[in-house]
Amino acid sequence: MSAPSSIDVGYVAQLARLKLSEEETRRFQGQLEQIVRYIEQIRRLDVAGIEPTAHAVDRSNVTRDDAAAPSLSSEEALANAPVRANGLFMVPKVIE
Amino acid sequence: MNYEAVIGLEVHVQLRTRTKMFCGCENEFGAAPNTRTCPVCLGLPGALPTPNHAAIHLVALTGLMLGCEIAPRCKFDRKSYFYPDMPKNYQISQYDLPTCRGGGLEIMRESYPKDAQKKVVAGRYIRLVRIHLEEDVAKSFHFETASGIDFNRAGTPLMEIVTMPDLRSPEEAFAFLSTLKLVLLYGGVSDADMEKGQLRCDCNVSVRPVGQEELGTKVEIKNMNSISGVRRALAYEIERQTEMLRGGGRLTQETRRWDEAAGATFAMRGKEMAHDYRYFPEPDLLPVDTAAWLDDVRRRVPELPLARKRRFVEMLKVSDSNAGVLVADCALADWFEKAVKDVTNTQGVANLVVNDLLRELGAAGKGVTESPVAPEALGALVALTDAGRISSSQAKEVFVEMFRTGRAAAEIVTERGLEQVSDAGAIGKLCDEVLEGNAPIVVQIRAGNAKAVGNLVGQVMKLSKGKANPAMVNAVLHRKLGL
Ligand SMILES: [Zn+2]
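Residue numbers (the working numbering), protein chains in the order written: chain A, 1 to 96; chain B, 1 to 483.
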């Protein structure tokens, strides 16, 4: 874990594919450092002997049967596609 | 200096369920593009996933078949991922609490490539790290200036099986995948059809000087979609890495792509930085407690191919190679088991199945489930040879006719007058006739050339038009010659 003050807002923004202005970067730097300091505070709590929870709601095995439900028509599915061709969503060429 | 390869695999398996992992869209290959989608698998904002319990059960079943420890509690996590084939910008996967851990698989001898049977190391056991469950991404088609996306595949239940770096050669990787595929088919977990992308594989491969403990620089080859392709790609990559090191070069840790047409691997662009997936618990999904249903899944664990093969060899006296052929196809092994049900000569049945049935099926382009000869009918044919009514070479002839017409063995035998002569008196007469007409050979035999009896047996068979019981002819001649 890096020290709170060293949080790299540019890197975090890149991971989230966000383009931030210099002003935003400065502003978020302060806000994110505050959040990290808060997390650091929580990390100092002694949690030995406390069972970790996977979810805030204490339930498990909420699943569904393997039974088919109707799908959207191709027309509905593609309704918001900016570009489409031959029933496909067309996107800028993906480079492998 | 000699180098050895160290290989680990990440095998992705599409599960055989009726519907997708988190929605009720049909899990079906080959439908028209974007006709099996809904807000959940399109990743539309606000859509909520609900896990398909059949898929979770299939992962646990796979874990039980492969000797894994099944986690009492597992959960789902989000893996950040930016690509047009996953528009919600994360993939639901399992990170720190996967369904299965540990376990392993013993490679079957017959799983090695036919041309590499000499490289077989008996009883190789490949350990597994884990098996987890995730959702498949959409299928992309790359065109000249754009890419097209079909979301039918998005959200298909996908199981990832991760091995330890225990594999040492391309042939071993090939064999491991073949055995694994067979186990998956036995369990009904997946159709595992690589041509349909139901089984895909990433290979991690490095080389190191023989005797060195420390691992070399690892290269990942992505998205292999045929078992023989895996073998070729690994062979190429091991050669490339070894040559590089021999020439004093350095290897970089990178992801490469196998180009089947070029027969070479190429470094992939992009995606290099930021392998930071920022996993965190999926807040839309609750954890899974496996104890509630694990016993039900335990009852579904089938006899695995290797165990079945051992049973065929030990209990049914089938030869090792025949047993290998039989168990390599679950339906064929099932067929065989039906055929031997009321037959004592189980070897005879195995021979006819492996040689004659498979040959006729191959020629007719049919699968065993479409065989015009029922397994019980083949059992009845073998019973006829066992009772001495026809010889085993006649049985082969009768089998061809059974396959052609679908008629019963006894009917064909009677109609063709093939009934074998096992009457001691009749055979004695034929033998006498042949002995009388072959005085010089009899003299040779009496002088110690016992092998010449074979010639006389042949003559008696010919005289009987192939109908005499050859074992009896042999015995009678021996007795008459005082051997
Ligand atoms: Zn859907």
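Honestly, the hints are just simulated from the structure, not real lab data.
There's no promise every hint is true.
Only pairs whose alpha carbons sit at most 25 angstroms apart, straight line, appear in this in silico DMTMM-like list of lysine to aspartate or glutamate [as the list claims (entries may be wrong)]:
id, chain 1, residue 1, chain 2, residue 2
1, B, Lys139, A, Asp58
2, B, Lys79, A, Asp58
3, A, Lys19, B, Asp85
4, B, Lys480, B, Glu415
5, B, Lys338, A, Glu75
6, B, Lys118, B, Glu254
7, B, Lys196, A, Asp58
8, A, Lys93, B, Glu254
9, B, Lys139, A, Glu75
10, B, Lys79, A, Glu75
11, A, Lys93, B, Glu260
12, A, Lys93, B, Asp276
Here chain A is said to cover these stretches of chain B; the calculated rule only asks that three of the stretch's residues, wherever they fall, bring their Cβ under 8 angstroms from a Cβ of chain A [what the hints assert, rightly or not]:
id, segment
13, 13–20
14, 52–65
15, 71–81
16, 147–160
17, 181–195
18, 390–399
19, 405–414
By construction, the Cβ of each residue, glycine as well, lies at the ideal position given by its N, Cα and C atoms.
Hints, verified against the model:
{"no.": "1", "hint": "B:Lys139 x A:Asp58", "verdict": "violated (36 angstroms)"}
{"no.": "2", "hint": "B:Lys79 x A:Asp58", "verdict": "holds (23 angstroms)"}
{"no.": "3", "hint": "A:Lys19 x B:Asp85", "verdict": "holds (22 angstroms)"}
{"no.": "4", "hint": "B:Lys480 x B:Glu415", "verdict": "violated (33 angstroms)"}
{"no.": "5", "hint": "B:Lys338 x A:Glu75", "verdict": "violated (50 angstroms)"}
{"no.": "6", "hint": "B:Lys118 x B:Glu254", "verdict": "violated (33 angstroms)"}
{"no.": "7", "hint": "B:Lys196 x A:Asp58", "verdict": "violated (40 angstroms)"}
{"no.": "8", "hint": "A:Lys93 x B:Glu254", "verdict": "holds (23 angstroms)"}
{"no.": "9", "hint": "B:Lys139 x A:Glu75", "verdict": "holds (18 angstroms)"}
{"no.": "10", "hint": "B:Lys79 x A:Glu75", "verdict": "violated (30 angstroms)"}
{"no.": "11", "hint": "A:Lys93 x B:Glu260", "verdict": "holds (22 angstroms)"}
{"no.": "12", "hint": "A:Lys93 x B:Asp276", "verdict": "holds (24 angstroms)"}
{"no.": "13", "hint": "13–20", "verdict": "holds (count 3)"}
{"no.": "14", "hint": "52–65", "verdict": "holds (count 5)"}
{"no.": "15", "hint": "71–81", "verdict": "holds (count 3)"}
{"no.": "16", "hint": "147–160", "verdict": "holds (count 5)"}
{"no.": "17", "hint": "181–195", "verdict": "violated (count 0)"}
{"no.": "18", "hint": "390–399", "verdict": "violated (count 0)"}
{"no.": "19", "hint": "405–414", "verdict": "violated (count 0)"}
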